Amino acid sequence: MFFFILKRLAQSVLVMAVVSAVSFSLFNFVGDPVNNMVGQDATREQRIEIRQQLGLDDPILTQYARFLGNMVQGDFGLSYRIKRPVDELILERLPATLELVFVSAIIALVVGISLGVYTGIRRKSWISRVILSVSLVGVSLPTFIIGIALIYLFAVHLRWLPSSGRSGTVELGWWKTSFLSVDGWRAIILPSITLSLFQLTLILRLVRAEMLEVMRTDFIKFARARGLAERAINFRHALRNTLVPVITIIGLNIGGLIAFSVITETVFQWPGTGLMFIQAVDFVDVPIMAAYLVFVALLFVLINLVVDILYFVVDPRIRLGD
Amino acid sequence: MTRWERFKDNDIVWSFLSSPGAMIAAAITVISILACLFAPLIAPFDPFDPSQISLWDGKLPPAWSDGGQPQYLLGTDNQGRDMLSTILYGGRLSILVGLAAVCLGMVLGVTLGVISGYVGGVTDAVIMRIADVQLTIPGILLAILINGVGRAFLPLELRQEFAVYVVIIAIGLTDWPQFARVARGATMVEANKEYVQAARIIGLPAWLIMIRHVLPNTLRPVLVIATIGLALAIIAEATLSFLGQGIPPTTPSLGTLIRVGNEYLFSGLWWITFFPAIALVVLVFAVNLLGDWMRDALNPKLR
Amino acid sequence: MQFTKLLAVSAMALTVASPALAENVLRWTSQGDALTMDPHSQNEGPTIAMNGQIYESLVTRDADLNLQPELAESWEAGPDGWTFKLRQGVKFHDGSEFNAEDVAFSFERAKHEASDYKEQAKNVTSVEIIDDYTVKLTTDGPNPILPNQLTSIYMMDKGWSEANNVVAPQDFKAKEETYAVRNANGTGPFTLVSRAPDELTVLARNGDWWGEGMFPGNIDKIEYRPITNAATRVAALLSGEVDFVLDPPLQDVKRIEGSDGLGVKTVAQIRSIFFGMDQGVDKLRSSNVDGNPFKDVRVREAFNLAIDKDAIQRVVMEGLSFPTGMITPPGVLGNTPENDPAYAYDPERAKALLAEAGYPEGFSIQLDCPNNRYNNDEKICQAAVAMLARVGVEVNLDAIPKAQHFPKIQKRESDFYMLGWGVPTLDSHYVFSYLLDGEGSWNATGYNNALVNETTDAITTEIDIAKRTQMIEDAWTQIKADMPYVPIHHQVLAWGISDKVDIPISADDAFRPRFAVMK
Chain A
0 MFFFILKRLA
10 QSVLVMAVVS
20 AVSFSLFNFV
30 GDPVNNMVGQ
40 DATREQRIEI
50 RQQLGLDDPI
60 LTQYARFLGN
70 MVQGDFGLSY
80 RIKRPVDELI
90 LERLPATLEL
100 VFVSAIIALV
110 VGISLGVYTG
120 IRRKSWISRV
130 ILSVSLVGVS
140 LPTFIIGIAL
150 IYLFAVHLRW
160 LPSSGRSGTV
170 ELGWWKTSFL
180 SVDGWRAIIL
190 PSITLSLFQL
200 TLILRLVRAE
210 MLEVMRTDFI
220 KFARARGLAE
230 RAINFRHALR
240 NTLVPVITII
250 GLNIGGLIAF
260 SVITETVFQW
270 PGTGLMFIQA
280 VDFVDVPIMA
290 AYLVFVALLF
300 VLINLVVDIL
310 YFVVDPRIRL
320 GD
Chain B
0 MTRWERFKDN
10 DIVWSFLSSP
20 GAMIAAAITV
30 ISILACLFAP
40 LIAPFDPFDP
50 SQISLWDGKL
60 PPAWSDGGQP
70 QYLLGTDNQG
80 RDMLSTILYG
90 GRLSILVGLA
100 AVCLGMVLGV
110 TLGVISGYVG
120 GVTDAVIMRI
130 ADVQLTIPGI
140 LLAILINGVG
150 RAFLPLELRQ
160 EFAVYVVIIA
170 IGLTDWPQFA
180 RVARGATMVE
190 ANKEYVQAAR
200 IIGLPAWLIM
210 IRHVLPNTLR
220 PVLVIATIGL
230 ALAIIAEATL
240 SFLGQGIPPT
250 TPSLGTLIRV
260 GNEYLFSGLW
270 WITFFPAIAL
280 VVLVFAVNLL
290 GDWMRDALNP
300 KLR
Chain C
0 MQFTKLLAVS
10 AMALTVASPA
20 LAENVLRWTS
30 QGDALTMDPH
40 SQNEGPTIAM
50 NGQIYESLVT
60 RDADLNLQPE
70 LAESWEAGPD
80 GWTFKLRQGV
90 KFHDGSEFNA
100 EDVAFSFERA
110 KHEASDYKEQ
120 AKNVTSVEII
130 DDYTVKLTTD
140 GPNPILPNQL
150 TSIYMMDKGW
160 SEANNVVAPQ
170 DFKAKEETYA
180 VRNANGTGPF
190 TLVSRAPDEL
200 TVLARNGDWW
210 GEGMFPGNID
220 KIEYRPITNA
230 ATRVAALLSG
240 EVDFVLDPPL
250 QDVKRIEGSD
260 GLGVKTVAQI
270 RSIFFGMDQG
280 VDKLRSSNVD
290 GNPFKDVRVR
300 EAFNLAIDKD
310 AIQRVVMEGL
320 SFPTGMITPP
330 GVLGNTPEND
340 PAYAYDPERA
350 KALLAEAGYP
360 EGFSIQLDCP
370 NNRYNNDEKI
380 CQAAVAMLAR
390 VGVEVNLDAI
400 PKAQHFPKIQ
410 KRESDFYMLG
420 WGVPTLDSHY
430 VFSYLLDGEG
440 SWNATGYNNA
450 LVNETTDAIT
460 TEIDIAKRTQ
470 MIEDAWTQIK
480 ADMPYVPIHH
490 QVLAWGISDK
500 VDIPISADDA
510 FRPRFAVMK
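Chains as they are written, first to last, in numbering that gives the first Met the number 0: chain A, 0 to 321; chain B, 0 to 302; chain C, 0 to 518.
Do not rely on the hints blindly, as some may be mistaken.
List of simulated lysine to aspartate or glutamate pairs, EDC-like, C-alpha gap at most 16 Å [as the list claims (entries may be wrong)]:
| no. | chain 1 | residue 1 | chain 2 | residue 2 |
| --- | --- | --- | --- | --- |
| 1 | C | Lys350 | C | Glu393 |
| 2 | C | Lys466 | C | Asp481 |
| 3 | C | Lys264 | C | Asp63 |
| 4 | C | Lys410 | A | Glu44 |
| 5 | C | Lys410 | C | Glu438 |
| 6 | A | Lys6 | B | Asp295 |
| 7 | C | Lys499 | C | Glu22 |
| 8 | C | Lys117 | A | Glu48 |
| 9 | C | Lys84 | C | Glu100 |
| 10 | C | Lys294 | C | Asp481 |
| 11 | C | Lys294 | C | Asp309 |
| 12 | C | Lys117 | A | Asp182 |
| 13 | A | Lys123 | B | Asp131 |
| 14 | C | Lys499 | C | Glu256 |
| 15 | C | Lys84 | C | Asp130 |
Anything over 12 Å on all C-beta distances counts as not near chain A; from chain B, calculated [to be verified]:
| no. | residue |
| --- | --- |
| 16 | Ala26 |
| 17 | Phe44 |
| 18 | Asp48 |
| 19 | Ser50 |
| 20 | Ser53 |
| 21 | Pro61 |
| 22 | Gly66 |
| 23 | Ala99 |
| 24 | Leu134 |
| 25 | Gly138 |
| 26 | Tyr164 |
| 27 | Val188 |
| 28 | Val195 |
| 29 | Arg199 |
| 30 | Asn216 |
| 31 | Ile233 |
For the record, the hints were derived by calculation from the structure and aren't laboratory data.
Here the structure is a predicted model, which is why all the values come from computation and not from measurement.
All residues carry an ideal CB built from backbone N, CA and C; glycine is no exception.
Chain A on its own, in the form it takes in the complex:
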């Protein structure tokens, strides 16, 4: 166990090293940060001076060492654009993204797993076929089209829900939450549905496939031969055996949700880290871009580490394989 975790940790460190090198390279190759910081009528001398002040003329390795040292302390410097510490900005934006991902994950898991189980058990029923066909449409619809369509229908046409933004937040210390007010919930509905749809269809199809496999195994056949009630077979035996892969799904799911939150947040102007990242890309605000990459990589590494360990705990077979 100890050796296994150690190995995974080593892998994680490797990933972080690669990611940090990439994010550092951003500083040196993307756009000209100086131009974003000065007004349209600054002179060339002023620009040169700012370059020197920022240390943009130092040797690359010196700059990288400085970057790594600061990164480990969580210091990514000040945003070129809004002149505030980047770590602070990310922490400020984090609740919005995490709450969005959380609600979407719940929707995707609950709806996805129930529909997956249903279509897995009632393989031949026409409802299953409809669900499967619709889910295939779901996989074929790009997130941004879903988002635009939902805004048009529910916000502009029907006027039931806000079209964008995150209104109605309540502050709990530094954490701003949408969960404690009606307006907050109203604002989170459309973006979280948009974000969850793709993952929902993936989960549905994975769970269905998993159910189909399990239903064919000998011990289900045996249970059936023993004359156990269909219900008991489905839920006590079959579903329980699909739970192991569900752990992986949750891991993948959260990862996918965080990745696609970039797109959803852009469409809905949801003030999370993804929107901040895309705005930073437009503005060539390199400190934010770099920090976001490192931060997301860290998040993924952590999720995967947890999933791996859970796996290890839940399914002893893996111990033999490793």
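The hints should help you fit chains B and C onto chain A, whose structure is shown.
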């Protein structure tokens, strides 16, 4: 038995002919791919040739609505380009980008997977660890990242020109691990079979065994993944272009068309965004349907 | 589908639950947020607009852009500077008194190395405190337009700045944000209540404002929520979530006008859009021909004749632009009815001119264009590509974000580029010194004309207004003949406004809440 009967008896073909969904999907896929590939022959206009475009013809509605003109069946976009032609050309670009990206991922993944499965040992461990690490980061994020970095490394003048290739590489690099895993699995099964062992004993070089005997046997599962991968690659391209990180609007892909058209959503010019969006969804849906059927048909356990 | 039905029912229940509003709250949006609340740190549109609601300058402009007293009540010119009488009894939001000390301090701060306003503030060589409410701003020789140059130099409180360690604007090498980035203490009609950058900024009415009762505005609270995506921004207005959109996309203007309870106001903006052609280099960087065709005035004329400015106005701009032959709009001293009309669209003549100049087959060139700066910038460039193709010039378009586009111009790396120019001083000197003077920092055309250069220098000190105006107009006539640029149009501003509120539109695109009236 005639050749046709033998062909019909083939289990996959039988499954195909007995599944109307698969046949429709295949028909849509083939027709749209052909229509797009032969766009220069079919399309009434060449939207990529600026001297054919007249701004005064811009924003015309489809031919059947008031104010539409018969030569522009689906209307024109904000620049005066014929929508039908632009969608065909844009679809062609989307499909080519998708195919190229999948091919890149497939070649890379299958090569590494077969080597990994056949050679085993440290090589296997290293390749599979890299694949694991990459699988932990979702494709679209990685594509945005590779795309962003790739563009950044190119000098400004070349960025527009190479945008298509950067997108292909960005998407292609993100999906090789899937191919590698599958190819490795199939290789390991095959490598233990007697005829491969025999080939090894008579001293055939490893690369020859891999290419002649192992590789063909990995193709079935790889094909399934490639089909689904194509759908995902087309969506990934569209998403990148929608975020403004992909193909430029002078030579638009479907995603770029939707992005530009989205700006006209509230102004009543619905056809500028609606038709490309429908084209994209139908195309991806058909490819997905095909992939879905192939997965079921090629998986003996589910039949 | 049970789920959607459930969703619909709960959504309706939620709508009913929204509380009614008791005070006059104005909710508005535009594309970008202010970068900082520090009034001297960023010389940039949205930042100036936001800070202008909290901070004030000595002199300001009303909605029609006429100069108006703000913190100064009157001013007069002398041979070496201007004397300003300050408004008495003005208090900062923290309660401290505004006086001459603060004026001296604020100019000192605006001229600081780290200030983004040092170019504007350097016109004032020193500030002399005559008494508590009189200051003399000394200039380097006579300066006829000094008050025009002061409208965005905001006044800060010396005591507050010293107490919070912000006597200088934030330095670029600073490792920490300064207090003034998120906190503000001005004299203006609104106070800063809360600020989440790129998310929500809330301002509240300042009951102790000196102008209380002198202006029609009746807004109690302002909520500003920037929305980047244009379609989403319009959706927020159409769905009634905001009362005012500063920058709706032009193509949505008709839809907004046609919606119940919404309206659009338009006005000619003080900003012109044009293409620059580099006639200065010996060999074009992106062309297939040797030498530089732009050195020949006939080629520059052919480019001007090949662009159909009317088609761009009608189709690309939805009618919301004024085609022009000048790179500065009416309202700026120097724009005249003689020079303003656009060069006629004449592709045949353009082809003939290219042939005469030795390019009967045309040539190829790259057009550099921003894609997130001006109204429909990229679409204008795309249209120009098609139009130039018709006279044989093969244009390769490179449309990129402004952050990468502008350095190309500043570093003189572009042969053919789009640029837009606004004129905050409403005087041609601002255009000459940056865009037309041989040394102008934004003149990437290589245009270097003795008459224009001399005029640029001479009008900084000429105080005979009639003579000065004549000099400016003569220079423009010279420029009109030399054609260093391809002028396209002057932009038109369009604001989308709910019928619940009346907001006067201004040609400088600044929202002035002191004139906004909720009904």
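Verification of the supplied hints:
no., hint, in the structure
1, C:Lys350 - C:Glu393, "13 Å, holds"
2, C:Lys466 - C:Asp481, "23 Å, violated"
3, C:Lys264 - C:Asp63, "14 Å, holds"
4, C:Lys410 - A:Glu44, "12 Å, holds"
5, C:Lys410 - C:Glu438, "13 Å, holds"
6, A:Lys6 - B:Asp295, "37 Å, violated"
7, C:Lys499 - C:Glu22, "13 Å, holds"
8, C:Lys117 - A:Glu48, "15 Å, holds"
9, C:Lys84 - C:Glu100, "13 Å, holds"
10, C:Lys294 - C:Asp481, "11 Å, holds"
11, C:Lys294 - C:Asp309, "27 Å, violated"
12, C:Lys117 - A:Asp182, "45 Å, violated"
13, A:Lys123 - B:Asp131, "36 Å, violated"
14, C:Lys499 - C:Glu256, "14 Å, holds"
15, C:Lys84 - C:Asp130, "10 Å, holds"
16, Ala26, "16 Å, holds"
17, Phe44, "26 Å, holds"
18, Asp48, "29 Å, holds"
19, Ser50, "32 Å, holds"
20, Ser53, "30 Å, holds"
21, Pro61, "20 Å, holds"
22, Gly66, "23 Å, holds"
23, Ala99, "19 Å, holds"
24, Leu134, "9 Å, violated"
25, Gly138, "8 Å, violated"
26, Tyr164, "18 Å, holds"
27, Val188, "17 Å, holds"
28, Val195, "24 Å, holds"
29, Arg199, "26 Å, holds"
30, Asn216, "23 Å, holds"
31, Ile233, "9 Å, violated"
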